[in-house]
Amino acid sequence: MVYDTLPRWNHFENFGRILRDSGLRESLSLSVEFAVIATAAELVIGLAAALFFDTDPPSRNLLLGLFMLPMIMAPVVVGTAWSTLFDRTVGPIPYLFQVLHGPDIQWLATPATAMFALLIADAWEWAPLVALLLFAALQVIPHEQYEAARVDGASAPQLFLRITLPQIAGMILVAAGLRVMDAFLELDKVFVMTGGGPGSSTQFVSMFVYKQAFQFYELGYASAVITVVLALLAVAYAMYLRSYGRALRPADSR
1 MVYDTLPRWN
11 HFENFGRILR
21 DSGLRESLSL
31 SVEFAVIATA
41 AELVIGLAAA
51 LFFDTDPPSR
61 NLLLGLFMLP
71 MIMAPVVVGT
81 AWSTLFDRTV
91 GPIPYLFQVL
101 HGPDIQWLAT
111 PATAMFALLI
121 ADAWEWAPLV
131 ALLLFAALQV
141 IPHEQYEAAR
151 VDGASAPQLF
161 LRITLPQIAG
171 MILVAAGLRV
181 MDAFLELDKV
191 FVMTGGGPGS
201 STQFVSMFVY
211 KQAFQFYELG
221 YASAVITVVL
231 ALLAVAYAMY
241 LRSYGRALRP
251 ADSR
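Numbering (UniProt numbering), first residue to last: 1 to 254.
Just so you know, the hints here were simulated from the structure itself, not pulled from any lab data.
We put the CB at the ideal spot given by N, CA and C, even for glycine.
Among the hints, erroneous ones may be present.
Claimed, not checked - Just the calculated beta-carbon pair ranges, DEER-fashion:
hint, residue 1, residue 2, range
1, Gln215, Ile18, 26 to 32 Å
2, Leu69, Val174, 47 to 53 Å
3, Ser22, Leu69, 36 to 42 Å
4, Leu159, Gln106, 44 to 50 Å
5, Leu165, Gln106, 57 to 63 Å
6, Leu161, Gly197, 55 to 61 Å
7, Leu230, Ala112, 36 to 42 Å
8, Leu63, Ser22, 46 to 52 Å
9, Leu62, Pro157, 27 to 33 Å
10, Gln215, Gln106, 19 to 25 Å
11, Ala136, Pro157, 53 to 59 Å
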């Protein structure tokens, strides 16, 4: 008996399947959740680090270099390192909880903590990039503006809100856009640390596409999904850039 294994065009059935796939909707929702939380955390950590380095602490160049190390590591290496740190058998984090008589948490085997572990790993890797961008923006602010404001009696919070924040707002928007797009398509650390589990609790859209293509061999459907996702990201990023331009435009020219 001979079977016909040639691929056949199924018209637009793969795209119609996208609208009916509840698993894909869940993956998209998880990707959005991860991207928003990770980006927010990285912006806060990165801004705090940039402000610290802007104070010119002792050995600033050495500290800055050490802080940037995670950013130059391969994401797979980062995922492997944090997977070891959270490992219940050999990981120092579960051991620390045990020493402190804390709960016995299976960090990568529990839905809530698995997502938390991924967020920590992503923030550790990419907060330095945000810090570097914002630190560069801080360096071009004239110090005379701060000196004049201090003469007028401005406090530290006022200096930040009235001088610093408006002048680095553009770079904050750039960093946010870069990190949201990258975090939305996160795959490497998820693949190494959780494999999309437990269950489907960390199955982001990239992991969903990977499984469809290389585990279930649904190459046509996986291609359709990634095509739609990339199209949506392109539209979203175009709208973001348009809003970004409006936000930076002087008020009298709007």
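We went through each hint and held it up to the structure:
Between Gln215 and Ile18 the beta carbon distance is about 18 Å. The supplied range of 26 to 32 Å is therefore violated. Checked against the hint of 47 to 53 Å, the pair Leu69 and Val174 fails, with Cβ atoms roughly 22 Å apart. A beta carbon spacing of about 41 Å between Ser22 and Leu69 agrees with the range 36 to 42 Å that was offered as a hint. Taken as a hint, the range 44 to 50 Å holds for the pair Leu159 and Gln106, whose Cβ atoms sit roughly 46 Å apart.
At roughly 41 Å, the beta carbons of Leu165 and Gln106 sit outside the given window of 57 to 63 Å. Separated by about 44 Å at the C-beta atoms, Leu161 and Gly197 break the suggested range of 55 to 61 Å. Taking 36 to 42 Å as the suggested C-beta distance range, the pair Leu230 and Ala112 does not conform, at roughly 30 Å. For the pair Leu63 and Ser22, the supplied restraint of 46 to 52 Å holds, since their beta-carbon distance comes to about 48 Å.
For Leu62 and Pro157, the hinted distance range of 27 to 33 Å is satisfied, since their beta carbons lie about 30 Å from each other. Between Gln215 and Gln106 the beta carbons are some 24 Å apart, a value that agrees with the proposed interval 19 to 25 Å. Our hint of 53 to 59 Å for Ala136 and Pro157 is violated, since their Cβ atoms are close to 23 Å apart.
In summary, the numbered hints that this structure violates are 1, 2, 5, 6, 7, 11.
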